[in-house]
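Engineer: Residues per chain are reported as follows:
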Amino acid sequence: MSRADACVVACAELFRDAGEILVSPMGFIPMLGARLARLTFAPDILLSDGEAYLLADVPTEGRPTEVEGWLPYRQVFDVVASGRRHVVMGANQLDRHGNQNISAIGPHERPNRQLLGMRGAPGNTVNHRTSYWVPRHSARVFVDEVDVVSGVGHDRARLTPAAGRFHDVYRVVTNLAVLDFHPEYHTMRLVSVHPGVTVAEVLDQTSFPLHTDKVGRTREPTEAELDLLDHRLDPDRLRDKEVR
Amino acid sequence: MTADEVVAELADGMTIGIGGWGSRRKPMALVRAILRSPLRDLTIVSYGGPDVGLLCAAGKVRTVFFGFVTLDSIAYDPWFSRARREGTIAVREWDEGMLQTGLRAAGQRLPFLPMRAGLASDVPRFDPELHTVRSPYDDEEELLAVPALHLDAALIHLNTADRHGNGRYLGPDPYFDDLFCLAADRRYLSCESIVDTHELTATAAIQTLLCNRMMVDGVVQTPHGAHFTSCAPDYGRDEPFQRRYVEAAADPDTWPLFVEQFLAGDERSYQAAVR
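Heads up: the sequence lines are chains F and H, in that order. Going by my numbering, the residue at position 147 of the first sequence is 147; the numbering climbs one at a time, nothing skipped. Going by my numbering, the residue at position 179 of the second sequence is 179; the numbering climbs one at a time, nothing skipped.
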């Protein structure tokens with residue numbers, strides 16, 4: 001089992017008991033996690049091909065993928081507003097409240113680095129469950145204060161009733177650990193470290209303090225899950241290139 | 001019409017909406033015609049791709065309304081990034097769904113439409129012209145009032161159209177091209193080929209018709225006109241050429257050569273150069 005395998009399983013676990021909702025994973029590891037969940041414990045989730053088709057099965061090399069539906073971008077916006085979605089976004093910066101930046105680094109009127117832009121982060125975070133995937137957990141990503149709030153964190157959502165009504169920033173999966181938000185303090189909490197990672201290592205790579213009251217160990221994939229990953233979802237082990 | 005005739009109907013300072021999404025089905029032949037025109041001070045509304053980058057490179061842009069600017073297979077557009085770093089353009093950076101809502105409001109002749117997206121994020125902090133509105137019903141929710149995105153002109157690219165402006169798309173996604181047309185005073189559609197009206201439905205389902213002639217003022221036949229963005233199913237994105245664009249933009253010495261080789265002439269010479 002590799003570190004990437006643990007990350008895929010941690011992403012798959014985001015969708016346990018999700019039911020019949022659209023799952024939108026951004027990034028290769030979350031995509032593998034979503035497909036693994038679909039094939040095992042979350043068979044009801046809807047997955048798209050990254051463009052406008054909903055897939056009735058997970059894509060498998062050597063056979064055509066059956067399509068079960070059509071979801072162009074305008075309908076994705078409708079699903080966002082309806083709340084029947086769980087998105088896993090990336091994050092150039094995240095703070096302890098779960099505020100996310102994918103917009104720009106530095107002053108907004110003249111940034112040092114222009115990133116993608118707000119994208120759907122403001123709308124996603126106030127409408128439905130949102131998680132984040134960070135392939136390189138470091139103090140540069142987990143910062144005291146984000147330069148731009150693209151995705152809304154728990155502190156801001158609590159101050160604006162209409163933003164907080166459906167706000168559900170859920171978990172952060174990284175190459176080192178799984179984090180969520182303390183139910184009382186609404187700030188980031190270390191849920192589990194991946195096999196081979198220490199709590200000290202995670203704290204060292206995070207600018208702000210984490211709640212570490214009950215840190216577990218990220219579960220390893222089952223034999224059946226490893227078999228699906230190795231023989232169906234990612235036989236070339238591209239996942240090991242994204243996470244080492 | 002020709003692409004140059006379309007651009008001759010535009011004016012400095014106009015707000016122009018550009019259809020497509022990222023590096024997909026962009027009306028690039030019309031954009032290229034703007035590049036070689038004297039137009040300036042444009043406000044661009046776009047699900048941004050290389051259309052935004054190239055217009056920034058040519059110094060045509062005053063303000064960009066955007067939720068993102070990306071080349072899809074390459075995350076960031078180099079010219080948009082540079083324009084932002086150097087502070088040469090103003091931006092109204094919105095949630096991507098807000099752009100659709102703003103276009104719908106304009107098309108419906110409403111001053112705004114309410115939305116949850118944007119609340120509590122930095123969208124309203126960076127765009128002080130945005131305001132909230134309180135629901136007059138029992139919930140009394142205070143929502144974002146997304147202002148109408150009224151366009152002076154819309155530019156879109158479809159697979160096929162007739163000469164009257166009935167247009168169809170054959171790819172997987174209509175994007176927001178119809179909404180751009182509905183939000184605009186003047187609407188220009190470029191397409192891979194102009195066909196007789198009866199042919200529009202002879203070879204594809206009626207649901208592929210995205211625009212009707214009420215929504216379009218001018219039609220331009222521009223084969224390969226979305227290049228180097230994709231125009232499924234006619235052609236995919238020209239990935240090697242897109243990389244070339246990005247590499248040329250990264251180097252101040254090679255960019256003038258790129259302009260000279262590809263952008264200095266008309267559409268015919270562009271198409272000959274990229275073949």
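Hints are not guaranteed to be accurate.
As the list claims (entries may be wrong) - Only some residues are given here: those of chain F computed to face chain H with a beta carbon under 10 Å:
id : residue
1  : E109
2  : A163
3  : H182
These are calculated hints, taken from the structure and not from any lab test. Since the model is a prediction, treat every value here as computed from it, not as a measurement. Heads up, the beta-carbon is just placed ideally off N, CA and C, and yes, glycines get one too.
Engineer: How about F:E109: closest beta carbon in chain H under 10 Å, or not?
Structural biologist: Result: holds, 6 Å to nearest chain H Cβ.
Engineer: Restraint: F:H182 near chain H, CB-CB cut 10 Å. Satisfied or not?
Structural biologist: Violated, because the Cβ-Cβ distance from F:H182 to chain H comes to roughly 20 Å (cut-off 10 Å).
Engineer: Would the stated hint for F:A163 survive a check requiring a Cβ distance to chain H of less than 10 Å?
Structural biologist: F:A163 check passes; min Cβ-Cβ to chain H is 4 Å, inside 10 Å.
Violated hint: 3 only; the structure is consistent with all others.
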